[in-house]
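Asker: Residues per chain, in single letters:
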Amino acid sequence: MKDIMNRHLNLLFTAAGNLIRNRGRSLVVVLCLIAVLFPFISAIAISEGIKFQSLISVEEGADIYVTLDHYGSNAPISLQHLERFQKMEGVVKVFPRVIGRTYFADRLATIVGIPAEEISRSIRLVQGKMFREKGEVMIGKALAKVVHLQTGVGFTLSPNPSKVFRVSGMFDSDMTIWSSNLILMTFEDASEFFQMRGMATDILIYTRPGHAQRLAREIMGASSYRDSSEPPLRVQDKSLVKRYFQRGFNYKAGVFTALFTVAFALAIPALLVISGFGQAERKKEIGVLKATGWQTQEVMEMVALENLIIGFTSAPLAILSAMVWMKWLNGAFIAQFFIAEIGLMASFPVPSRFLPLPSFFAFLFAIVLTMIGGLYPTWKTATVPPAEAMR
Amino acid sequence: MRDPIIRTEKVDKFYYSGRPEEVRALSQINLEISKNQFALIRGPSGSGKTTLLNLISTVDRPTRGRILLLEQDLSKYSDAELSRIRQKRIGLIFQNFNLLSRLPAWENVSFPLLPLGVTEGERRRRSLEILVRLGLEKRVNHFPEQMSGGEQQRVAIARALINDPEIIMADEPTSNIDAESIGTLLDTFRDLKRKGKTIIVSSHDPIFLDYCDGTFFLKDGNLVESI
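Top to bottom, those sequences are chains E and V.
588 is the number that the working numbering gives to position 74 of the first sequence; each next residue is one higher, with no gaps.
142 is the number that the working numbering gives to position 108 of the second sequence; each next residue is one higher, with no gaps.
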């Protein structure tokens, strides 16, 4: 038993020794693995970060969102519905909202028209004051920095240049993406800007706990008996919105993973070539080991241990690189895949979350890659007569 | 004839078998080597000496025929069993030494002990003992490229002896060393024979004729003379 234990330990130390002795090759393989793995880890971390922030904002948001259903898409809804919703049993409050997007100095900005008192708790005023008067807006800190806006400065926006806005204050948010592209203003200003007076892009309904699903059903039910000249209502409760978000991010992460898998598949032959550096010498070495009494399984175990060490070194380094990339380079080149219009370098802290499962996959990928690159050529060499391997 | 330790029966070895470029390296080889014999396989270059040594040392397999080690047919042994035979019964000294360039002398000597679970301290002790016996006490931590041909060969001999095998096989052992080293080599072989080991040497060098007690002469892959 002690001999068996010693045998495995001997093979482990020999494997480690081999990697140190061939440090150039080991370093190249580790660097290649890091290069392959860290974009994947970074991307998944960004995706998870955005998903997390988005879900918090959904959680903080209304219980029911009502719009018109125009051939399956959201369409503006008349403010006439407000009174009816307010009177429904279980409703706490109802208010309209206008959300739209426009280009602001070549950047896509999101305009939200909402009563000032209904702004999310996640938004913190960092400069100036809340918008109150007509034409006043509050702008995200990161967006303000990019478009060089200061408190008190006036500006216009392209689709409706006749309307002049003035920055009343700047905000920051735990939802870092918000500060990058959000312009907050009164509901009236937003509906005027988008020329949709008397309409809202959606009506937000807050309910008493446990009433949301019933109310959503009642609103939907009532909608089916209405005048057929108006499109039906589209009612989405919090759980549905959450599902949309999750599905959207999972889809993006899925697309990225698919692209990554292609890159991963391309990396395998590359790694085979890299791990094949010095293969002639390795072949001879394996022949000598076999000729002096090593069994094929012992040679394989030693090479597998070498690959395990490489994998267990590369994966944490790849995770560390991804963390550094996120912290110091703010997810450059990768974040733009998940967040539209941010360019190579985001102007706000790109959200990221490093979860255990992607890290586990990083380990798995690293080990699978090195094993494929190392074990097959070794097995091929170790199973021929040693004289042939040494030739 | 004393107890045979190795016996070959109608052994053929062809390379690229069945192809136009087929090479018949050995043909119908029948020989017998007994325990504690010093056997010399002679012949000109390309006569098949190395091929025959590779076959009887189990590092290669014959195309046809049987090789018996202590009357056990080696063709029936698995790859793992042949490895164990090489580990415990056979010590091999290659013509070009086949030392691992990245290992110092003592590790080159001791790596056959790794799969046996021998601890590092014990491996070092045993390899040092043999290296000192072979006059290499100052070369223990030297790498192959830092040693002369004769010294490298002594390291290769030490590796062959580390497991105290019954049979020691050497392929052209005098081809890459100087006259002084040849003297040391012959002394070592004489000493090993005195200890009851079987020694099989393939060489075209007549120097071994005075030491061997069995000669096999190969020509063009055929065994033409056994004495």
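Since the hints were derived computationally from the structure, they do not count as laboratory data.
Cβ atoms here follow ideal geometry from the backbone N, Cα and C, with glycine treated the same way.
Any given hint could be a false lead.
[Claimed, not checked] Per label pair, the in silico range of CB-to-CB distance: (1) E/I534 <-> V/D198: 38 to 44 Å; (2) E/I886 <-> V/G80: 39 to 45 Å; (3) V/E154 <-> E/L569: 51 to 57 Å; (4) E/M837 <-> V/G52: 57 to 63 Å; (5) V/E214 <-> E/Q793: 44 to 50 Å.
[Claimed, not checked] In the DSSO-like style, the derived pairs of lysine-lysine whose C-alpha atoms are separated by at most 27 Å in a straight line are: (6) V/K69 <-> V/K229; (7) V/K122 <-> E/K516; (8) V/K229 <-> E/K798.
Asker: Compare the structure with each hint and give your call.
Answerer: Structure-based check of each hint:
Checked against the given bound of 38 to 44 Å, the beta carbons of E/I534 and V/D198, roughly 31 Å apart, lie outside it. Here the CB-CB span from E/I886 to V/G80 is close to 41 Å, well matched to the stated 39 to 45 Å. One distance hint, 51 to 57 Å for the beta-carbon pair V/E154 and E/L569, holds here, with the actual separation near 55 Å. One distance hint, 57 to 63 Å for the beta-carbon pair E/M837 and V/G52, holds here, with the actual separation near 59 Å.
Distance hint check: the CB atoms of V/E214 and E/Q793 are about 37 Å apart, inconsistent with the given range 44 to 50 Å. Restraint check for V/K69 and V/K229: satisfied, since their Cα atoms lie roughly 12 Å apart, inside the 27 Å limit. About 20 Å separates the Cα atoms of V/K122 and E/K516, which keeps this hinted pair within 27 Å; it holds. Restraint check for V/K229 and E/K798: the C-alpha separation of about 32 Å exceeds 27 Å, so the hint is violated.
Going down the numbered hints, you'll see the structure goes against 1, 5, 8, while the others check out.
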